[in-house]
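Protein chains: 2
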Amino acid sequence: MSASDVTVVLDWGTSSFRAFLVDGNATLLDSSESAQGIQSVPAGEHARVLSDALKPWRGRHGALKIVAAGMIGSRNGWIEMPYVPAPATPIDLAAASRTIELPEGDRLTFVPGLTDRTAYPFPDVMRGEETQLVGFGLDRPATVVLPGTHSKWARIEDGAIQCFRTFVTGEVFATLANHSFLAKVATAPADHRSAAFREGVSLAMADGTEAGGLLTRLFAVRTGWLAGKVQPAEMKSRLSGLVVGWEFREARDTGWFRKGDKIAVVGDDDLVAVYTATAEFCDLSVEAAPADAAIRGALRISELARHPAE
Amino acid sequence: MSASDVTVVLDWGTSSFRAFLVDGNATLLDSSESAQGIQSVPAGEHARVLSDALKPWRGRHGALKIVAAGMIGSRNGWIEMPYVPAPATPIDLAAASRTIELPEGDRLTFVPGLTDRTAYPFPDVMRGEETQLVGFGLDRPATVVLPGTHSKWARIEDGAIQCFRTFVTGEVFATLANHSFLAKVATAPADHRSAAFREGVSLAMADGTEAGGLLTRLFAVRTGWLAGKVQPAEMKSRLSGLVVGWEFREARDTGWFRKGDKIAVVGDDDLVAVYTATAEFCDLSVEAAPADAAIRGALRISELARHPAE
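Going line by line, the protein sequences match chains A and B.
Per our numbering, residue 13 is the first one in the first sequence, and the count goes up by one each step.
Per our numbering, residue 13 is the first one in the second sequence, and the count goes up by one each step.
Keep in mind that the hints were calculated from the coordinates and are not lab data.
The structure displayed is predicted, hence computed values, not measured ones.
Certain hints may be false.
Copies of the same chain look alike in the list, so a pair counts if it works inside one copy or between any two.
Said to hold, decoys possible - Lysine to aspartate or glutamate pairs mimicking EDC-like chemistry, simulated, CA-CA at most 20 Å apart:
#1 LYS196 with GLU92
#2 LYS241 with GLU92
#3 LYS274 with ASP151
#4 LYS274 with ASP203
#5 LYS196 with ASP17
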């Protein structure tokens, strides 16, 4: 297989380095992984680190085509890429991408981020999720949730990513699970298949003022424990259900879905399972989505970047 | 002054020990402080630690009357005191208190906690704030906010604490300020006198769906920084205004106040200032409250416990 037939899709995040060697159909040929996240790479050393990591593939395939989306193109990454304003098509993203040539002859394409200027009070932003959305496919209307530290809800229509909003669900869950009073009492990680997780989602969705808002409902993880109704092993599951459920509640209240709608969930298997369980609890049907959306999207954008006429 | 004229009010919390020597009018005669919180006292050692700490006062005044509210009477404290159900009067609290005699002849009265069984899905609880409320005074209707890690809103009517709800505002602020992405970027502590704090409160109170719910608005601390509109030194002030403002929003939405109402804020000076600023932003007038409500309340409950006929 010659160099022109393979592409390296880079997932170079804050705390890990992952690279996927794929063919033109996004079939995975090989992968490589290390703990050398962008956080641990000194300025000016990115090219050398990448070159070393891809040496075996370069030996087999010659100079490589590489494409990178996400945090590697951020202020704390290698090159700070701009944010393309939504609505945006894959062609818009490709047009704003930037390709650099590396010392060994590899060509690296950075995908830009996406911004939604309708957000108040500041434009909302994503880096990486736009590529997952392209990989999911923009060929039919869809509401897509991309769970994570900063979870995104996005609307696809007319072949473009029309708009999106961020929910800091993962960050709120992690900081409370690891640093609040819970951290000292809880004895098990969250499990979205547990009754406690479903009770958390149910509490998030409960109407009426007796339960209060989010700041009051969060206290129920503690009062349930004090009342002997929530066991230490259930606390993180309950918190997870409550916080993810609250994301769905806020999404519903700000017009992202109505009961009975269909959504798609795109991301890592574990989080897709958590969000699918929550969506079904909220009477949503969940559309199947490819597990390799990030790779498919990166491949598509890099093809468009190289051949704008396609 | 004989032993019968003075009382020791104990504020023995998780991470600090404080004791106040007061006369029958709650006038402060002396105080004592150490870092020996209940967390660091082995089971069975509380009496000895307390005895050592109060030795100078015992020398001067003989065997002491001591009263303790709050976490020292919790599951992780010295003795686990029950929760009295609301509505509760000072007499109800005194009747459920418990007095033990210590080896040196001191008599220590533990104040019970308070529970509100109308909370959903589990009874809400407070420990210590019921004593502050008694010290604030239950002789006229009032809505009282007691800010803290677990902030309380309480309603006083007919000489009793009628009901209350907890908001985990302080815990959410602290965990996000110290452990989220903010912790790495922010360069200054929160300042409630800053424009950034007021902007945070304003964002919490903003209507319309463009801003999203709390999980989306929290992201604006980051997007404002990315957009160059929020400086690193302003980030914690903005977060503080947003989270405290959100507490007020949830309190308003669950019926705790309407525009133009009067509330009181009881607690430590710093937090009283933060909550007073927020209340005024929300068009509330703020009633003056005694700074020594905790001492006054403890004294009152211990007098009632010793002389139930009063």
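So, going through the hints one by one against the coordinates:
Proximity of LYS196 and GLU92 under a CA criterion of 20 Å is satisfied inter-copy only: 19 Å between copies versus 40 Å inside one chain copy. For a Cα distance limit of 20 Å, the shortest separation of LYS241 from GLU92 across copies, 18 Å, qualifies, whereas the shortest one inside one copy, 50 Å, does not. With identical chains, the CA atoms of LYS274 and ASP151 are at most 20 Å apart within one copy only, with a shortest distance of 16 Å there and 56 Å across copies. Taking the shortest Cα distances, LYS274 and ASP203 never come within 20 Å of each other, neither inside one copy (24 Å) nor across copies (44 Å).
In this homomeric assembly, LYS196 and ASP17 never come within 20 Å of each other (Cα to Cα): the closest approach is 53 Å inside a single copy and 42 Å across copies.
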